[in-house]
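Model the full structure from these sequences, guided by the hints.
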Amino acid sequence: MSFKIRNIIVLIILLVSGVFNSCIMDEFRMNDISVNEDLEIGIITPLFSGNLEFRDFIHDWKKPVPDLPGPKVVLDYTDSTDVTIPVEMIFDESVVIDSFPFLIQGSYEFVSVELTFRVENSSPYPLNLKLNFYEKKEWGNFGPDIQPAPFAAADFSQFPVQPEITINKVELTQDQLIWFKEGKCVLLRAWYHNNGYLLGDTISAQFPIKVSIILIGKVKAKQDA
Amino acid sequence: MCYHILFLFQLLILLVPGKVAVSQINGSVFIKPDNFYAQLYNPAYFRTDEAVAFTFVGLSGASFINQGNFEIADVITLNANNDPRVDFPNFYEASKQRNYIRQDLTLPILFAMVPFKNGYASFFYNENLSAYSLIHQDAIAFLSNGNIPDDYRNFDSEEIKLAGIGYREFAFGYGKPLNNFLNAGVRIKLLFGAAQADSKYWSYGVKTSPDGEIITLSSLGTARMMLPVPVNLRENNSIQSLDSENAIAKYFGEYGNPGFAVDLGFSYQNNERHFFSGALRDFGFIRFGSNSYDVTQNDSFDFIGFDLLNAIRYPEEPDYTNSNELVKLIKDEIREVYQPTLEKRKYTYMMPVKTLLHYHYQHSTRHIFAATSQMSFSKNYYSVFTLSALQNWANFQIFENLSIHNLNDLTIGGGLRYVGTHAEIFAATDNLIAFYHPAENKTFSISFGVCFLLNHKKTVNEEKFSPRKGKISPYLPFYEEKR
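If you read the sequences in order, they're chains X and Z.
Per this note's numbering, the very first residue in the first sequence carries number 7; after that it's consecutive.
Per this note's numbering, the very first residue in the second sequence carries number 82; after that it's consecutive.
Please keep in mind that the hints were generated in silico from the structure rather than gathered at the bench.
Don't be surprised by glycine CBs; every beta carbon is placed ideally from N, CA and C.
Treat the hints with caution; some may be incorrect.
[To be verified] With a Cα cut of at most 25 Å, we get these calculated SDA-like pairs of lysine to any residue:
(1) Lys224(X) with Glu294(Z)
(2) Lys187(X) with Asn226(Z)
(3) Lys228(X) with Tyr419(Z)
(4) Lys78(X) with Lys228(X)
(5) Lys226(X) with Leu159(Z)
(6) Lys224(X) with Ala175(Z)
(7) Lys136(X) with Tyr401(Z)
(8) Lys136(X) with Asn403(Z)
(9) Lys224(X) with Pro396(Z)
(10) Lys142(X) with Gln168(X)
(11) Lys136(X) with Glu406(Z)
(12) Lys187(X) with Pro396(Z)
(13) Lys190(X) with Pro396(Z)
(14) Lys228(X) with Leu224(Z)
(15) Lys142(X) with Lys409(Z)
(16) Lys288(Z) with Gln212(X)
(17) Lys224(X) with Ile385(Z)
(18) Lys412(Z) with Glu46(X)
(19) Lys175(X) with Asn235(Z)
(20) Lys175(X) with Glu294(Z)
(21) Lys226(X) with Asn403(Z)
(22) Lys224(X) with Gly146(X)
(23) Lys216(X) with Asn226(Z)
(24) Lys143(X) with Asp383(Z)
(25) Lys175(X) with Asp383(Z)
(26) Lys331(Z) with Arg315(Z)
(27) Lys409(Z) with Asp104(X)
(28) Lys224(X) with Ile295(Z)
(29) Lys412(Z) with Tyr140(X)
(30) Lys136(X) with Glu294(Z)
(31) Lys226(X) with Gln218(Z)
(32) Lys226(X) with Glu406(Z)
(33) Lys187(X) with Leu410(Z)
[Stated by the list, open to error] Listed next, with one range per pair, are the computed distances between beta-carbon atoms:
(34) Pro70(X) with Gly286(Z): 30 to 36 Å
(35) Gly286(Z) with Gly202(X): 45 to 51 Å
(36) Ser322(Z) with Val89(X): 28 to 34 Å
Now the structure itself:
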């Protein structure tokens, strides 16, 4: 063999070193690997729900009933003592949840959110809801209002009364989305719209009102997570 | 004839893919019985030159195999800045119905082989680590799509399989020639399990009601697990934390799970042309009893959102729960779905039995052609069938091989080996292309190492006796042909 072994070894070493120098090995550094920043996953999930009653959207009952001028009405409770309140309270905006912890953040972040409000209203008045997200330690510094259209009142013109189901959707603006992502608390305010339904001396405190808020959105991985 | 039947048997059953993590090396190394990696895998392989062979961690190298039915590049892609990213949509596009990947690492810590009573006695201490993962296409689709599309409203991951074992083996072997043709060897191995996990029917579900008002999260499955670090449990026996301090030291100091295994081997050569060898390895078990558990998950939770009633109602009313407490309770209930419970349990892990059959044909002093079959049997099996060609120069060999891994992958590999006066050095792979871009290859393996030799004489370079420098006699020497 004219080609000496040592020459073959040198050639092989050169070949191997050439191959190694051109290797694409950097993909295997585990610390550099994260989830693709372009990946967005669609999520639908319930956010809030509750089988509530008419009285729940009138006042924060942890606080005393204000002594407002004007006509009064008796809230009729089936199993407990009736409560007399100013009529104006029903139609005035009131805080019904002042600080509900909203801790949904994780190693992902929302890039778009649509909230679907579904209200089954058995009361005689259309219901208004308004959500605000805020930082827990900054009471008063609330994010932009998230307010769906009013939820229709039940049809009291027929008997038995038929509850009305209304579904309203709110797609969050970028400003609202920022507060949605960063906020740690939820403020819920509510009031009834006076549609002219004639109040008597009493009104049932316990017209059922079923509320659910469903989140439909897209999430992606936080790159700094 | 027996060898042919065995060989045929192995050829037939390699047609069905297996799924158990195994320890196998490049088939070409079995051409040379004096290669110290081949000696690790066949106790009937030993030297014939009275040399003492030894090596230790740092120089003894390693054997690593990655095998799957998808490429790592299917899962991890590069973005515009060349940063590696886990890319679920790309993985989904490339995925099969069942997607599995296994890795196997063998690290010889100490190896010695010495001549003893007409044969060779050997000892080695190996660290072994195997892992296996399986994920179904539906699970990847869910990770890409979420639960908004109608097809994924009701999602079941199907079985997600995670299995792995880390163990060390202390092997004492002896091999000797039984006659002029047949060598036989046996190896007794003390095994010590350092970590183990094996899931069974492990799955997750997400069911979304048509109106989106209820999401049912569910989990199901059992597993066996042994960890080298202490586990702190909650009241419900789920894992609260792992005491991972000095985890590596605890791993290497774990000797509470003993086991035992036997290797048997033979080699047969009735003339210079044909060589057969075979081995049965790891016929044994490990008894896990230290920090070992039965693991169970079987839970579900209907999430309907955070209950406004609790937040709104006056605290003195029935069913009221403080909203902070409520959020914590619901999060805990969701976590519980994904927190399997543990129960202390001793169990026996049967080692996957491995077989090796090798045949080579010496065409000339320079050229050898070989066929090697390696298989691993457990609940299923995994096979590698290798066709090799070796070119031999006195102390230096180059070999090329074609390997079939089950029926999923075909790879072209090769390697080289040099045996000097004081050491043997070799490197072998079954996928040369993988050296350039491992991520774009489903299967790749590499074995390499250096072994020191004492009392060894380097083979004389045959070219010093080249026929071209003399004349060849046409007559046979020393005897007459009898009729």
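Now for the hints, and whether the structure bears them out:
1. Lys224(X) with Glu294(Z): Distance of about 17 Å is within 25 Å: holds.
2. Lys187(X) with Asn226(Z): 21 Å, holds
3. Lys228(X) with Tyr419(Z): OK: Lys228(X) and Tyr419(Z) at ~22 Å, within 25 Å.
4. Lys78(X) with Lys228(X): 53 Å, violated
5. Lys226(X) with Leu159(Z): The hint holds at about 17 Å.
6. Lys224(X) with Ala175(Z): 24 Å, holds
7. Lys136(X) with Tyr401(Z): 23 Å, holds
8. Lys136(X) with Asn403(Z): Judged against 25 Å, a Cα distance of about 22 Å means the pair holds.
9. Lys224(X) with Pro396(Z): 36 Å, violated
10. Lys142(X) with Gln168(X): 40 Å, violated
11. Lys136(X) with Glu406(Z): Given that 25 Å is the threshold and the Cα spacing comes to 24 Å, the pair holds.
12. Lys187(X) with Pro396(Z): The given pair, whose Cα atoms are some 29 Å apart, is violated under the 25 Å limit.
13. Lys190(X) with Pro396(Z): At roughly 22 Å apart (the allowed maximum being 25 Å), Pro396(Z) and Lys190(X) satisfy the hint.
14. Lys228(X) with Leu224(Z): It holds: about 15 Å lies between the C-alpha atoms, which stays within 25 Å.
15. Lys142(X) with Lys409(Z): 16 Å, holds
16. Lys288(Z) with Gln212(X): Since the Cα atoms of Lys288(Z) and Gln212(X) sit roughly 33 Å apart, the hinted pair is violated (cutoff 25 Å).
17. Lys224(X) with Ile385(Z): 19 Å, holds
18. Lys412(Z) with Glu46(X): With Cα atoms ~24 Å apart, Lys412(Z) and Glu46(X) stay inside 25 Å; holds.
19. Lys175(X) with Asn235(Z): 23 Å, holds
20. Lys175(X) with Glu294(Z): 14 Å, holds
21. Lys226(X) with Asn403(Z): 31 Å, violated
22. Lys224(X) with Gly146(X): 29 Å, violated
23. Lys216(X) with Asn226(Z): 30 Å, violated
24. Lys143(X) with Asp383(Z): Cα-Cα ~32 Å, so violated.
25. Lys175(X) with Asp383(Z): Between Lys175(X) and Asp383(Z) the Cα gap is close to 24 Å, so the pair holds against 25 Å.
26. Lys331(Z) with Arg315(Z): 23 Å, holds
27. Lys409(Z) with Asp104(X): Given pair Lys409(Z), Asp104(X) holds - Cα atoms ~18 Å apart, limit 25 Å.
28. Lys224(X) with Ile295(Z): Given that 25 Å is the threshold and the Cα spacing comes to 18 Å, the pair holds.
29. Lys412(Z) with Tyr140(X): 21 Å, holds
30. Lys136(X) with Glu294(Z): Within the cut-off at roughly 20 Å; holds.
31. Lys226(X) with Gln218(Z): 21 Å, holds
32. Lys226(X) with Glu406(Z): 28 Å, violated
33. Lys187(X) with Leu410(Z): 22 Å, holds
34. Pro70(X) with Gly286(Z): 30 to 36 Å: 48 Å, violated
35. Gly286(Z) with Gly202(X): 45 to 51 Å: 50 Å, holds
36. Ser322(Z) with Val89(X): 28 to 34 Å: 50 Å, violated
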